[in-house]
Structures are given as structure tokens and as C-alpha cells.
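So the sequences go chain by chain: A and B. If you're matching positions, the first sequence starts at 1 in our numbering and goes up one per residue. If you're matching positions, the second sequence starts at 1 in our numbering and goes up one per residue.
Calculated directly from the structure, the hints in this document are not laboratory data. The model shown is predicted, which means the values in this text are computed figures rather than measured ones. Where a beta carbon is used, it is the ideal one built from N, C-alpha and C, also for glycine. Any given hint could turn out to be false.
[Stated by the list, open to error] With the C-beta cut set under 8 Å, the calculated list includes, among others, these residues of chain A facing chain B:
id	residue
1	Gly17
2	Ser20
3	Gln187
4	Gly210
5	Gly249
6	Asn276
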Amino acid sequence: MRKLKEFIVEKLILICGLASIFFVALIFLFLLKEGLAVFKTVSLFKFLFGKSWYPISEPAQLGILPLILGSLLITVGAAIISIPIGVGCAIYIAEIAPLKIKETLKAGIELLAAIPSVVLGFIGMVTLVPLVKNLFNLPTGLTALSGSIMLAFMAMPTIVSIAEDALYSVPKTYKEGAFALGATHWQTIWRVMLPAASSGILAAVMLGIGRVIGETMAVMMITGNAAVIPHTILAPVRTLTATIAAEMGEAVVGSEHYFALFAIGIVLFVISFAINVTADSFLHKRQQ
Amino acid sequence: MKNPYRTQNIAFFFLFLATLLIVVPVGLIIVIIIQKGLPAINWQFLSDIPRQGMRAGGIFPAIVGTVYLVTGAIILALPIGLLAAIYLSEYSKDNLLNRLIKLAIVNLAGVPSVVYGLFGLALFVVFFKFGASILSGSLTLGIMILPVIITTSREALESVPQSFREVSLSLGASKWQTIRHIVLPNAIPGILTGTILGLGRAAGETAPILFTVAAFYLPRLPNSIFDQAMALPYHLYVISTQVPNVAEKIRYGTAFVLLALVLIMNLVAIIIRYKFRKRKKW
Chain A
1 MRKLKEFIVE KLILICGLAS IFFVALIFLF LLKEGLAVFK TVSLFKFLFG
51 KSWYPISEPA QLGILPLILG SLLITVGAAI ISIPIGVGCA IYIAEIAPLK
101 IKETLKAGIE LLAAIPSVVL GFIGMVTLVP LVKNLFNLPT GLTALSGSIM
151 LAFMAMPTIV SIAEDALYSV PKTYKEGAFA LGATHWQTIW RVMLPAASSG
201 ILAAVMLGIG RVIGETMAVM MITGNAAVIP HTILAPVRTL TATIAAEMGE
251 AVVGSEHYFA LFAIGIVLFV ISFAINVTAD SFLHKRQQ
Chain B
1 MKNPYRTQNI AFFFLFLATL LIVVPVGLII VIIIQKGLPA INWQFLSDIP
51 RQGMRAGGIF PAIVGTVYLV TGAIILALPI GLLAAIYLSE YSKDNLLNRL
101 IKLAIVNLAG VPSVVYGLFG LALFVVFFKF GASILSGSLT LGIMILPVII
151 TTSREALESV PQSFREVSLS LGASKWQTIR HIVLPNAIPG ILTGTILGLG
201 RAAGETAPIL FTVAAFYLPR LPNSIFDQAM ALPYHLYVIS TQVPNVAEKI
251 RYGTAFVLLA LVLIMNLVAI IIRYKFRKRK KW
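So here's chain B without its partners, still in its complex pose:
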């Protein structure tokens, strides 16, 4: 007769193996990039423009470009996303419209990133005639990260207990006053988490900026929001596939800076969420 406990041990071993198969490569990827990328990092690499057809020099314009793009994206996405989250958590009723909005958010999150690139090209670059510019790229990235911000902010708003709202309303505050002074302040950590996650996502994406902003090689800083700009992820793509004979050190260094930027943002978001959960008393 089959021993059920032996079957269990075998099954649990395979489940553990599956977990290892995910965790170990993730660890390896991060270790490889740190090990080979960290030695490339120095002040010159971070603050110099690329030289000799990107085979020497630094990545400063790409860092600045990414900062501009991410800032632009969040300026668009945070207000719209936050207000949309307030609508979903405080105003919407459980009806068809609400269901449609949620479906739209799911779809917006699922649209392939390169399709966002096409959309940005068609709408901002060609139709609005912004050209390939920081403005077009930021707007495209902003729409792309909207679902992240809406979903996390909505969760944060919904986790504020109903009794808080009832007390505020019973004291004579209006619905908006309640949201503004009671609900929002209590949801700030969650909203912050969502915002940082959105920032990280925008900083790492390449496909949406391919045709809307990214410059192959632009060894100066952008002058205005109608200027093209280099960006870290696109720069990494260019030096690893398009330009021959780039020193390995520069490639790993660029990958390290991009990965560090994105992972630090995510770690901060995870820590804020963790602290907030621990502190929460309701």
C-alpha cells in the first residue's frame, strides 16, 4: 500500500525545488550584475557624457533623461490616478459603470508595452505634432503607469475603516471634507507605495519610449520638454546590441545603475508598506 506521508514528502520536495528554481536565478542575476557592474561605477561614469561612440565616458545624459521622463510621467499619472482611485473607493456604486472601469484598468495594465509605444507615436508624436520629445515620452509612460497607481491607491483608500468616515460625516463634515481631511491622510503611505512602484516601472520600461523620445546618441542634456533625450534602459539596449565593441565594464555598469535605481525604489515601497502595516492599529 502506498504510504501517504511518503507521497507528501516527495511532493513537498518538488514544491521546494520549484521555489528554488525561481529564487536562485533571481539571486544570481542580482549578484552577477553587482559583482561585474559595481567596479565600473565611479564619479566620472555617473557624471560624464558618453564618448567615442558610447565606448567610453559616462552615462550622465541617460540618467538625466530618465529622471525627466519619470518626473513627467508621475506629474500626469498621480493626480489622475489618485482622483480615479477616490472615485472607485468613495463614489462609485456597484453597477455596470463601475465594472466597466475596473475592466478598463485591467486592460490598461495588460496592454503590451510596445503597443503603448505605438499609441504614443500615433497620438503624441504624429497627431499632436509634439515630435519625438520628452513631452511625448512622459505622457506615454504616464498613461502606462496609471493602472499601477489607481490600483494601489484604491487599496489604500479602501483599507481606511468605514467608521472613520461615519464619525466625520456625523460631525457635519461634507463628503469631500471627509475624504480630504480623514480618508486621504490615513491612506498616504499606501498611495506613496503605489507612486514609487509606478516610478520604478516607468524608469525601467524601454518599448514605450523607443519611438516617442529616446535618442540613440545625444551627448548633451535636453534643453526643453520638446527635446529628445537619452534614457537609461534604451541606452543599455543600444550599447548591448546596436554598438559593437563596447567594453563589458560599461555595459554591466549601465545595467547596474538601472537595476539599482529600480530595485531601490521597489525596496523603499516594500519597506513603507511593511512599516505601515505594523503600525496600523485598526
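If we strip away everything but chain A, and leave its shape as in the complex, we get:
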């Protein structure tokens, strides 16, 4: 009787262990099931590189290039801001901060990671957007720049915590060796610690960027949502994620628009999959 019970429990554990694989596959399958139908009417090339996104005009124009460029512009902007600040903060926490401050800083970074994106979007709307508007004398502060700044904050917790882990796991002997050769603390960090932790830091940066590309609510609230190809960082843009979030509510289930939004979902899924697999392989390399 006990044997039977244990047999059942252990099989149940195995099934749950496999659940993650099952769910990832299920997500991808259902995106494909709903999204691939759009390619009956639009070719893949026209979908990815079409210059206009007018999903409800007759006939509908379903080119997501403006959305891809919008996501790209905001992501590049956020990366430029968040990578130096995030890696710098990680070095400070890992190497320089006194022990007590270190714990407080780490808790603070965790709190930043926990703030819901809709709250960050709201704060961005009431503080950052008017600031950008006045600073550059623009008709509206809902621009790619505002989005980039806000998203940089959402990427930083990821970058800081993973990069800090990477620096922390550099063997102590490396550091002692450098000190023994007469290097200053900074020379040790710059010439020894950073190169040794480089693959982990690269993974941190990639995962941070992954977070930016996938971010939805804050972006939808502060980038202005204009589905046109952006020519400057001070213009409103619309991202892939915001398009889905803003339009799915109105799209009729089973319509071309509905399929197109799922096809954007496939694009996002593939991007995040590629980023995560690559970042994971960097982290794995470090462990060996």
C-alpha cells in the first residue's frame, strides 16, 4: 500500500518536473495555431518588412516594420542608458560597498524589480513625460526617449543582480594574485575581475535587454503609440508589445487583425527565446 502511494507520488513529481517543457511548448503551439493563419493573406516578407500598419483599413495593411523599428529604437536607447549604469552599480555593490550598505543596496534593487510596470508607467506619465516635453520644447512628451529612460530602469535590476553574481563568483585567488603583483583595487577590477566575469556580464546585459523588449504596460503608457517609422528619438513610437496590448481588445476573434496580432506574438516569442537560450549558454559556460 505504501509502495503504491510512493509510486504515485514519484510519478506525479516527474510529471510536474516536465510541466515547464510542456507549458513552453503549449505557448508556442497556441501562438502558431492562431498566428500562422495571417500568412494566408500576407507573405512573411511583407509582414516583417511592410512599411505600414493599418490593420482595420480596407484592405488591411499588415506590415510590422514600424513596430519593429519602434521596439528597436526604444531598446537601443534603454540599453545605452542601462548598461553602463547597471554594470557600474554591480561593480560598486560587488567590490566597493561596505558590507552593511551592500545588503541595503541589494534590497533596494530588488524593490525596484518588484515595482509593477503599470506603476512605473504611471510615474513616468506624471513626472518624466512633462519633463521631456519642456526640456526639448516638444508638442508632446510621449516619445521614444521617455520610453527608453523608463525602460532603462526596468532593465537595471536584472543587469545589476546577474552581473553582481558574475563578479562575486570570480575566484578569490585571481584578486589576491593581482594585489600581490602590486595592482591597485581599480586596476584589479578593470584588468582582472571584469574580463574574468565577462561572459556572466554579457548574459546580464542580454537578459536586461530581453526584459526591455518584452515590457508592455509602461511602454504603452509613455511612448505615444504612433505606428509610424520613427525618424528621431524625440518622436512618438509604438512597440510590438504595445500594439498587441492596445489592439487585441478590439480585434474580433478569428479576424485577420486577430491573426496578425498573434503573429506579432510569435515574433516576440522567438526573440525572447533566442535571447534567453544565448544568455543561458553564456551563464553555463561560466560555471564550467
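Fit chain B to the given chain A structure using the hints.
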């Protein structure tokens, strides 16, 4: 000749500056929301339904909706996540399957939240015909927080020393008895931390509930799990972008309640972890 110590001082100054550039805005965000949101909070705001097209009244249905959604999500995610963590820490061997599972968890954690929304729409709302309902929303959020719960629980289980297991097994306990009576009780604080973090994440997410449950305006409480519901994060989105002329006080008040809910959960998780680490004797 360049003085290496001066270079060091300059470098350390910039690193400190980078840290300030993160910490100060975080502090400012929290201070602004507390300063402008706290005065809006009173019993009526917390217990009344929204009135006059959400321009007056309270946010009670949104709070209740969020509580329902979070409860539903954890009912799904905790058992599956915990058992998956037990599999990874106690049963799996270092082989391809184990590697695949870990990769799947990483990917599950990385899928954009709006894609979870699409998935929930396609699977629960349309395919299973649950409609936009608390059930669909909870299931979607549950799958979304699964990686958080698996990862933290696994860490907690793996931090229980190997010798505990060996002693139990040598006394004749079976593998499951060892897990049930020795490993799990020692890992409870870590599992609790993960669960609370998962709760906080589920409470704050908006994109996954957009098409699966969230009601724009529903000035009553949901009747069953097949009913739509309002939710705090979506309500904040609606009153800050979709409805014109909402008093600033109501917006900040809503933001304050949501932020307080999420930050308190996270603080509790951090404190549990901190206490546990201090108390741990192995």
C-alpha cells in the same frame, strides 16, 4: 606619469554615481507615490465601488478582483511548482532532460508578459471556452509565476545539507519519506519566500490579464470564477490613460494601494529570507 590611485578615485567616484543614479530615482518614485497617494486613502476609498465613471468612489472591486486572481494563480502554481522543484533537486540526474527542463524554466521566465496574455486568450478564453473570466486570468497568471516558484523552491531544497538525507535514509526511511519529513520542513522558509514573491508578481502584472479577465468597469463584485473582474493594475492603467478628468488624488491613491500591496509582499519575503539565513546553523 599617471597616478594609479588618482585613476582609482575617479573610477570609484563614477561607480558610486552609477549606484546613486539607480537608488535615488527608486527612492523618489516611492516617496512621490506615498506623499501624494497616502492622503487619498481612507476607509471609503478602500471599501466603496467606483462611482461617476470611475471619477469618484473607491476601488473595492479592483482590490477584491486582484485578491481572487492572485489566490487562483497560487492554487495552480504552488503545487506544480513545488513538485517540479522537488523533481529537479531530489530526483533529476545531470542529463539532457534536466538541461532541457532548466532551459524551459529560463524561457518561461523570459516570455514577455503580453505574450502570456495572448496565450491565455487563445487557450483558456477561446479554446476551452472559459470566456474572459477569473478562471482564465488565474490560470494565465499561474503559469506566468511558475518559474519564480520553481527557482526559489529549488534553491531552498538544495540548500538542505546532503547529510540530513543520508541520515534519514540510513534509518530506513524511503526516499519520499525523507523528502516529506526531513527535506521539506527544512526548506519551508525558502519555499514561502518564493511563494510570496510569486504572489507579488501576479498582483502587479497587467498585460496577462488584459484579454483574459480584466473588466474595464464593473461596479460590483464577481459572482463566480466564470465572471469577469476588475483588477488593481488594470484599473490604474484605465484611470490614468483611458478615462479623462480623473482626479489626481484617485490615480495616486490607486497607485499607492497597488505599490503598497506589492512592496509589502516583497519586504515580507526579504525579511523571511534574512531571518532564516541568520538562524541557519549548518
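For each hint, the structure was consulted:
The beta carbon of Gly17 of chain A comes within 3 Å of a beta carbon in chain B, closer than 8 Å, and the hint placing it at the interface holds. About 4 Å separates the beta-carbon of Ser20 of chain A from the nearest beta-carbon of chain B, less than 8 Å, and the hint is met. With 8 Å as the threshold, the beta carbon of Gln187 of chain A comes within range of chain B, its nearest partner Cβ sitting at about 6 Å, so the hint holds. Satisfaction of the interface hint for Gly210 of chain A is found here, the shortest Cβ-Cβ separation to chain B being roughly 5 Å, below the 8 Å cut-off.
The closest approach between the C-beta of Gly249 of chain A and any C-beta of chain B is roughly 7 Å, which is under the 8 Å cut-off, so the hint is satisfied. Interface restraint check for Asn276 of chain A: the shortest CB-CB distance to chain B comes to about 4 Å, inside 8 Å, so the restraint holds.
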